[in-house]
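Novice: Residue strings, one per chain:
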Amino acid sequence: MTEFAGSQYVIEIIYLVASALFILSLKWMSSPATARHGILAGEIGMVLAIAGTLLHHGIVDYKWIVIALVLGSGIGIPLGMVQMTAVPQRTALSHAFGALCVTLVGTAEFYLRSPDVPKFMMSVLSMEVILGGLTFTGSLMAAGKLQEILPQRPITYKGQNLVNLLLFVVAVGSALYLVLHPGAKIFFPIIVGVSLIFGVLLVIPIGGADMPTVISLLNSYAGLSAAAMGFVLDSKLLIIAGALDGSSGLILSIIMSKAMNRSFTNVLFGAFGQVQASAAAGEESRPVRSATAEEAAAILLAANKVVIVPGYGMAVAQAQHKVRELYDALTKKGVEVRFAIHPVAGRMPGHMNVLLAEADIPYDRLIEMEEINGDFPQTDVALIIGANDVTNPAARTDQSSPIFGMPILDVDKAHTVMVIKRGMSPGFAGIDNPLYYLDRTLMLFGDAKQFVGAIVRELSGGH
Amino acid sequence: MNTSLIDALFVFMLAAFIGFEVIRHVSPLLHTPLMSLTNALDAIAVVGAIVLVGEKKSTFALVLGVIAIVAATSNVVGGFLITDRMLKMFKTSRPSKP
Chain A
33 MTEFAGSQYV
43 IEIIYLVASA
53 LFILSLKWMS
63 SPATARHGIL
73 AGEIGMVLAI
83 AGTLLHHGIV
93 DYKWIVIALV
103 LGSGIGIPLG
113 MVQMTAVPQR
123 TALSHAFGAL
133 CVTLVGTAEF
143 YLRSPDVPKF
153 MMSVLSMEVI
163 LGGLTFTGSL
173 MAAGKLQEIL
183 PQRPITYKGQ
193 NLVNLLLFVV
203 AVGSALYLVL
213 HPGAKIFFPI
223 IVGVSLIFGV
233 LLVIPIGGAD
243 MPTVISLLNS
253 YAGLSAAAMG
263 FVLDSKLLII
273 AGALDGSSGL
283 ILSIIMSKAM
293 NRSFTNVLFG
303 AFGQVQASAA
313 AGEESRPVRS
323 ATAEEAAAIL
333 LAANKVVIVP
343 GYGMAVAQAQ
353 HKVRELYDAL
363 TKKGVEVRFA
373 IHPVAGRMPG
383 HMNVLLAEAD
393 IPYDRLIEME
403 EINGDFPQTD
413 VALIIGANDV
423 TNPAARTDQS
433 SPIFGMPILD
443 VDKAHTVMVI
453 KRGMSPGFAG
463 IDNPLYYLDR
473 TLMLFGDAKQ
483 FVGAIVRELS
493 GGH
Chain G
-13 MNTSLIDALF
-3 VFMLAAFIGF
7 EVIRHVSPLL
17 HTPLMSLTNA
27 LDAIAVVGAI
37 VLVGEKKSTF
47 ALVLGVIAIV
57 AATSNVVGGF
67 LITDRMLKMF
77 KTSRPSKP
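Quick note, the sequences are listed as chains A and G, same order. For the working numbering, add 32 to where a residue sits in the first sequence, where the first one is 1. With the working numbering, letter number 26 in the second sequence gets 12, and the count goes up by one each step, no holes.
Hints are computed from structural coordinates only; laboratory data are not their basis. Remember, it's a predicted structure, so these values are computed and weren't measured experimentally. Worth double-checking, as some hints may not be accurate.
[Said to hold, decoys possible] Derived BS3-like pairs: lysine-lysine, alpha-carbon spacing no greater than 30 Å straight-line: (1) Lys290(A) - Lys77(G); (2) Lys151(A) - Lys43(G); (3) Lys365(A) - Lys77(G); (4) Lys95(A) - Lys42(G); (5) Lys481(A) - Lys77(G); (6) Lys217(A) - Lys42(G); (7) Lys74(G) - Lys364(A); (8) Lys445(A) - Lys365(A); (9) Lys217(A) - Lys43(G); (10) Lys95(A) - Lys43(G); (11) Lys151(A) - Lys42(G); (12) Lys74(G) - Lys337(A); (13) Lys364(A) - Lys481(A); (14) Lys337(A) - Lys77(G); (15) Lys290(A) - Lys59(A).
[Said to hold, decoys possible] Among chain G residues calculated to face chain A with C-beta under 7 Å, some are: (16) Val8; (17) Leu20; (18) Ala47; (19) Ile53.
Ideal Cβ positions, reconstructed from N, Cα and C, are used throughout, including at glycine.
Just chain A, same shape as in the assembly (with noise of 0.2 Å):
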């Protein structure tokens, strides 16, 4: 790609162009008043890009191009298609599916120029593929444990971040070895494999709770290993997509562990959420005050100020349409109803937010935590649906709760709360919540879409 024939004049300007698309596409999510002209930018910027490579010199057959985009195209739509709730796994298997695009070219690349392989070059290469390898793994991982298909609770074993260690220092080490030696083929593999034993044993302990930050770090990994391919191929506009991706997944995971309250390394090798054994096994004798749908109903028609909180419970048990009708109906008689979103509720950033809007909820009722947390000592009832971990008041003063010093919503401030939980099971951080145990907390039993329907039942047959 270093020699400029006439047609690679052209090429660059396409590729310029689509750079240009490609920060616009970026710069116009800002809000879901622009993101679509966002998604048009970026699919012209995508179309010019590979249509301008077609036109490259080198290419002697067309042939297996158009299979293989047909191919592309074909496994594509079906997965475009997925229900909202299956997002986060979606997103997870995009990521392995981009890190092994970038991992096979890279190898290949290898093949193709070793012995001759200048150091610098060595060394973006082994990171691309170090890189895309851990990524690939890792986010096959990710998505089979948000498929539920691998178990959600962390799988450790004794030594684990020594082992990590040792294989990070492996792969690292042939990397080196290779810089030094382009010819000393046998180690490419090496480095390829043991990267891909390390996506899987760096995401293998960690529980599903913490899915959002690692979700958003493999997005980073992911962009990351394109600008390293960038590099390799001298193409600026790989390096600009990956960079711009790479910094997106990061700042995402910082903000997601900054919700949590927990650092990068405590995610990844901290194997938080086991079960801790205190509160599994003193299954609370403690009694808590429950309630039926008609209470429920009758609770929510008298308050004025209503914040619903939902979480990953609502997701699974797909009672964002039901929690839609509540809203309708509560807000016809005349209750002001918002809903509160924490940062990390769901599995990955902002799933919440999309599935409430699936259910028609108008985005302007979706409420950060930080602006809405001030306002529940004037509301009136908070109703928590299938979110657990975030409203636990434990985080603000048990200093042994692994949970201490995440920023919660402060739903225990509110006159009433309301639970509607499937039983009294602790969430994913494995420890109880002393919310449900306060006077003002009545624990509504039962799946969270028959518990809901049943109050918009309540809420207009009664009246």
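With chain A fixed as given, assemble chain G onto it according to the hints.
Specialist: Same frame as chain A, but now just chain G:
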């Protein structure tokens, strides 16, 4: 080769900073479609695979390249499709509030 390397590093640095600035302003409402969009953009890696398959320098490269194109294209098509679906759902309060 060296000036092109330095150029590439400059570009990377600038792009990373632009990325930070632009993404910082994305509303948390849209974090999920943001992630699927950046995924779709990431699939730009397909251009590297296209050249690989088109140049046909070895069968090994051809096979790996084809798989790579399939994986990346599925991300492009699926990613834009799902991001668009998500964004279509975001509506404001209906103006008629009783």
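Novice: Next, verify each hint and record whether it holds.
Specialist: Now the hints, each set against the structure:
Among the hinted pairs, Lys290(A) with Lys77(G) is consistent with the structure: their alpha-carbon atoms are about 29 Å apart, no more than 30 Å. Between Lys151(A) and Lys43(G) the CA atoms are separated by roughly 23 Å; this keeps the pair inside 30 Å, and the hint holds. Note on Lys365(A) and Lys77(G): the hinted pairing holds, with a Cα-Cα distance of about 22 Å set against a maximum of 30 Å. A hinted pair counts as satisfied when its Cα atoms are at most 30 Å apart, and Lys95(A) with Lys42(G) qualifies at roughly 11 Å.
Of the pairs offered as hints, the one joining Lys481(A) and Lys77(G) holds, with about 23 Å between alpha carbons and a cut-off of 30 Å not exceeded. Among the hinted pairs, Lys217(A) with Lys42(G) is consistent with the structure: their alpha-carbon atoms are about 21 Å apart, no more than 30 Å. Taken as a hint, the Lys74(G) and Lys364(A) pair is honoured in the structure, with Cα atoms around 25 Å apart against an allowance of 30 Å. At most 30 Å may separate the alpha-carbon atoms for a hinted pair to count; Lys445(A) and Lys365(A) meet this at roughly 24 Å.
At roughly 18 Å between alpha-carbon atoms, Lys217(A) and Lys43(G) fall within 30 Å of each other, so this suggested pair holds. The hinted pair formed by Lys95(A) and Lys43(G) meets the criterion: a straight-line CA distance of about 15 Å does not exceed 30 Å. Proximity of Lys151(A) to Lys42(G) is assessed by CA-CA distance (about 25 Å); at most 30 Å being required, the pair is judged to hold. Taking the CA atoms of Lys74(G) and Lys337(A), the gap is about 29 Å. The hint holds against a cut of 30 Å.
Between Lys364(A) and Lys481(A) the alpha-carbon distance is near 21 Å, which keeps this suggested pair within the 30 Å criterion. Pair hint Lys337(A) plus Lys77(G) holds up; C-alpha atoms about 22 Å apart against a cutoff of 30 Å. Distance check on the hinted pair: Lys290(A) and Lys59(A) sit about 24 Å apart at the alpha-carbon level, within 30 Å; holds. With its C-beta approaching chain A no nearer than about 5 Å, Val8(G) sits inside the 7 Å limit, and its interface hint holds.
Look at Leu20(G): its Cβ gets to within about 5 Å of chain A, closer than 7 Å, so that hint holds up. A distance limit of 7 Å between C-beta atoms decides the matter here; for Ala47(G) the minimum to chain A is near 4 Å, and the interface restraint holds. A hinted interface residue such as Ile53(G) counts as satisfied when its beta carbon comes closer than 7 Å to some beta carbon of chain A; here the least separation is about 6 Å, so the hint holds.
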